[in-house]
Amino acid sequence: MEFLFEDLYRKYHQDLFQFVFYMTRDRTLTEDLVQEVYIRVMRSYNSFRGESSEKTWLFSIARNVTIDYFRSQNRKKNIISQFFDWNKKGDFLPDHQPLPEEILLQNEEANQVYTYLEQCTIDQRSVLILRFIQSMSIKETASILGFSESKVKTTQHRGLKVLKTHIQAEKLKGEAYDE
Amino acid sequence: MNKIDDDAIKNHLKNMPEVKDHRSKDEWIAKVQPYAYKRKRVRRKQSRMIPIFSTVLLIGIMVLIIPSIIKGPTSTNDQASSTQFDGEQRMLSEEDKDDQVGSASMESDHVQKEVGEFVLYTLEEDEQLVYGGTFDQQVQYVIPLSFITSTDKSLSQAYNELDSYIAPFDSSSRVPYFEHMEFDVDIDEQFVTMHINDSYTVGEGAAIQGKFEEMISMIFQPYGIEEVHIQTENGSPMILGEIGEISSIKIQDPPRVNYKYYYDDAHEYGFLVPIEQGEKTFSQSIDDLKEADTDFSMQATIPADVDYTINCESTEDCFIHFTEEINQLSQSEQILVLESILMTAKSYGYDYVSFEGISEETIEGYDLTQPIDVPLAVNPVYVDHE
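Order-wise, the sequence lines are chains A and B. If you use the working numbering, the first sequence corresponds to residues 1 to 179, in order. If you use the working numbering, the second sequence corresponds to residues 1 to 386, in order.
These are computed hints drawn from the structure, not numbers from a lab. A couple of the hints might just be wrong.
In silico DSS-like pairs for lysine-lysine, Cα to Cα no more than 25 Å straight-line [what the hints assert, rightly or not]:
id, chain 1, residue 1, chain 2, residue 2
1, A, Lys-161, A, Lys-171
2, B, Lys-3, A, Lys-173
3, B, Lys-25, A, Lys-11
4, B, Lys-3, B, Lys-153
5, B, Lys-20, A, Lys-55
6, B, Lys-14, A, Lys-161
7, A, Lys-139, B, Lys-153
8, B, Lys-20, B, Lys-31
9, B, Lys-3, A, Lys-161
10, B, Lys-290, B, Lys-280
11, A, Lys-173, B, Lys-10
Residues from chain B that keep clear of chain A, each with C-beta distances beyond 12 Å, as calculated [stated by the list, open to error]:
id, residue
12, Asp-6
13, Gln-33
14, Glu-117
15, Ser-154
16, Phe-191
17, Glu-213
18, Glu-227
19, Asp-317
20, Pro-380
The C-beta atom is built at its ideal place from N, Cα and C for all residues, glycine as well.
Let's have the full structure, built from the sequences with the hints guiding it.
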């Protein structure tokens, strides 16, 4: 078992960690979720039938673990919202959290791309991270997410559009302020 | 205004900083090994008693959560103790993690369906649907395709590119129609004219000729078009094989269909394919989804051992309750079950369907605790972007 872990760790750990980090934007949380990924992998490796590549399988589990976490947050928020008359306005407030220390971006536009990545749906964010930050092909991305290639393309396009819309709005706001 | 385009965004994403984990391999082994052999959690079975327990539990949870919300972020020590992992329980204390994740938890409201595996739910403002189709290899069935194109081009322009959209999916190599045609499409006026070269014939064989009208109906019926006018270069009627001369095609009302699965080995594409159901009821059509038609490579979408009861009294009140066997399927198999049923329900005029008996509350973005809308279109294909 230790050999299996070492093998996976050597081949994929940094990529795996980076994927989960960009999904969650929180180092401590990433560590916890990656731990859960490895635990699930260790427990289910015997049932891995090799129908996909090891890497695809590992990232699929990482994606599921991350989604499970978001869903648990979702359920909690739904419970709270049943008791309070909180409308959904808060969901659309811009993120004013400081960027993590890892994300020291060279320019404002890159900064905005990172910031507004969280306005994308989980599917859109998964596709954008896998395709561009992790440099995976459409086919690989489709295998990991269990999507058709067509769905990857559609989701990618829509994710890029979400980013573009928010960045454009930010630019407009900046220009109005300058005037 | 200085605009940002897709390529610039892609470049920014590609150049995002590399995020490294600084823990050593040994630290990870120590973290993972103690839990690596524990049993999997047993899946929760749904029961009608759950809502009652849930309500009681919910009130209890609220009593616990409200003080922590009012109090604000928890201390570091609290966080440390709450993130001790117990393999048999949810791995993180949700109360504490809410503060850690910050706005990441806002993600929840985005868990919604835009695109399914075989279906499409929403169109963006700058997108439009162009309907097309192809055949299975034996030209037995018309396979509908829903091309999503940009509104930068008119619908007529998009339809005049239809042959190039369809070409990658033409496994029969027998969808020659569209490269010889030009369309004028005016949805507002409900008017479509199809311009055809004088020398053009639809193709040899009664099957191809018979499918021609079916294809045209399938393409324009979703817009509510009733008739497609045909115009040849010299103004004479079009000769459609054994069907004879035609100067227009009446768009047929869509028949009631169910949707089975067709996989094209050569092109590695899988599609939902509508199969006419004649006078069958909705329940009978769903039952038929268990039957494969192996002669034509049409696969069943519901496995034979999955049972269910259907209670659909009106178009807005349709429940399907599965027995436990549904939970033995993989998620992709469950998605095939759901989407084939949803498309069949659409054909029978239902607005949404409630699914019960699936132990997961959500599958690939489908919220099974709520009725699920029938899709906007089947077999979506995005054509303008890579």
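To see whether the hints hold, each was checked on the structure:
no. : hint                    : in the structure
1   : Lys-161/A <-> Lys-171/A : 15 Å, holds
2   : Lys-3/B <-> Lys-173/A   : 13 Å, holds
3   : Lys-25/B <-> Lys-11/A   : 12 Å, holds
4   : Lys-3/B <-> Lys-153/B   : 21 Å, holds
5   : Lys-20/B <-> Lys-55/A   : 18 Å, holds
6   : Lys-14/B <-> Lys-161/A  : 16 Å, holds
7   : Lys-139/A <-> Lys-153/B : 28 Å, violated
8   : Lys-20/B <-> Lys-31/B   : 18 Å, holds
9   : Lys-3/B <-> Lys-161/A   : 13 Å, holds
10  : Lys-290/B <-> Lys-280/B : 15 Å, holds
11  : Lys-173/A <-> Lys-10/B  : 23 Å, holds
12  : Asp-6                   : 5 Å, violated
13  : Gln-33                  : 7 Å, violated
14  : Glu-117                 : 6 Å, violated
15  : Ser-154                 : 20 Å, holds
16  : Phe-191                 : 30 Å, holds
17  : Glu-213                 : 27 Å, holds
18  : Glu-227                 : 32 Å, holds
19  : Asp-317                 : 24 Å, holds
20  : Pro-380                 : 6 Å, violated
Comparing the model with each numbered hint stated earlier shows that hints 7, 12, 13, 14 and 20 do not hold.
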